[in-house]
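Trainee: Each protein sequence line maps, in turn, to chains V and C. Just so it is clear: in the first sequence, position 155 is 154 by numbering that gives the first Met the number 0, and no numbers are missing. Just so it is clear: in the second sequence, position 111 is 110 by numbering that gives the first Met the number 0, and no numbers are missing.
Keep in mind the hints are simulated off the structure, nothing from the lab. Each hint can be trusted.
Short, incomplete list of chain C residues facing chain V, as computed with Cβ under 10 Å: (1) L91; (2) S106; (3) L114; (4) E118; (5) N124.
List of simulated lysine-lysine pairs, DSSO-like, C-alpha gap at most 27 Å: (6) C:K159 / V:K94; (7) C:K102 / V:K102; (8) V:K18 / C:K102.
What the simulated footprint calls covered on chain C by chain V, stretch by stretch (three residues with Cβ under 8 Å from a Cβ of chain V suffice, anywhere in the stretch; the number is not a length): (9) 14 to 23; (10) 128 to 142; (11) 145 to 158.
Idealized CB from N, CA, C, for every residue including glycine.
2 protein chains.
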Amino acid sequence: MSEKPLENIHNQIITEFAKTVEMFDLSPGEARLFSILYLEGSPMTLDEMSEALGKSKTSISTGIRSLLDFNLVTRVWRKGVRKDLYMAEENLYKKFMSTFIQKWVESTKQHKHTLEEIESRLEENIKNGQVEGSIEEVKVRLKEMLVFHELIEESFREMKCPKTLSNPTKT
Amino acid sequence: MSEKPLENIHNQIITEFAKTVEMFDLSPGEARLFSILYLEGSPMTLDEMSEALGKSKTSISTGIRSLLDFNLVTRVWRKGVRKDLYMAEENLYKKFMSTFIQKWVESTKQHKHTLEEIESRLEENIKNGQVEGSIEEVKVRLKEMLVFHELIEESFREMKCPKTLSNPTKT
DNA sequence: AAGTTTGTACAGAACAAACTGTATGAACAA
DNA sequence: TTGTTCATACAGTTTGTTCTGTACAAACTT
Chain V
0 MSEKPLENIH NQIITEFAKT VEMFDLSPGE ARLFSILYLE GSPMTLDEMS EALGKSKTSI
60 STGIRSLLDF NLVTRVWRKG VRKDLYMAEE NLYKKFMSTF IQKWVESTKQ HKHTLEEIES
120 RLEENIKNGQ VEGSIEEVKV RLKEMLVFHE LIEESFREMK CPKTLSNPTK T
Chain C
0 MSEKPLENIH NQIITEFAKT VEMFDLSPGE ARLFSILYLE GSPMTLDEMS EALGKSKTSI
60 STGIRSLLDF NLVTRVWRKG VRKDLYMAEE NLYKKFMSTF IQKWVESTKQ HKHTLEEIES
120 RLEENIKNGQ VEGSIEEVKV RLKEMLVFHE LIEESFREMK CPKTLSNPTK T
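Could you build the full structure based on these sequences and the hints that come with them?
Mentor: So this is what it looks like as structure tokens:
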């Protein structure tokens, strides 16, 4: 078992690092794929990743597609190489955090907006007397939900520019 | 379809609010359960929730169990009522955020720690000459991963006390 | 005590997500 | 042009989650 200690270490690193990556709403598969790409600093082909992860090329292909969508991976061209090459983005913190925060802010805004629409529709119904029961509770709850959304949005907005983000520790 | 406009509004609110709740790593079912409990400010029984969500009592039971584990819901006793009563916690923002942040900080710390262990094991192997290839790249990557974890932990720690958290807007 | 009512454990069904192999299309070589 | 290599679309399979119904245990009533 100590025949290939480096490969072993590789696997441990990837497994553990993937756990952190997963927390940014990547599936286990995507997280693992990104991790292997990141640990291997140099660009890799689909076949190499397929080999390294023991998964089908199709699977890798769709996985890479997702990572590209998330802007966590770039295509790289190398003279004389026909296969596509992919590389993990540097600047992990910035990439992950900004995407993450943006997702929160956007979604929160969206949901809050929808709730506001529902609220005004409710007011309409009340005006027209189309509603019977005790509405006050619902109205209060709605207000609280809106406040909740505002607080979330604010928190994540404030997170956007931690002091370390403007400090490029680029390799 | 405008026969029961209030019920309709209820459903819309719950559906939309659940989307936000889901972002805090609750399953769609759990999120919906919490939402209905929150909108209905007063305590509810398993049967009432079952009825309201159109799901089996068993399902509600396990769902409530999860929400209790997350400290998002409390059991409530009411004189003369045999059934268990459950109620959503007030102070949404504090409850959700503190749990959320704590989860990030804890997990990040844990994963970082494991990576450090791997790192020292790697150093050992190098000392003993049990490793052949180019190790430097791996060591650099490991360091970068550790920095990454430190930045994440720091960001979420700073999030912990936004100004609004010490401002109890309790009903 | 026996009989009810309420909550949960468990096993299987229904559903959804991830993966694979085949087949198709695009880029290149000769 | 034909032949080859690569990436992806698609359908089918496997794997994992979520829900349901049954069965049991605990709490209560009389």
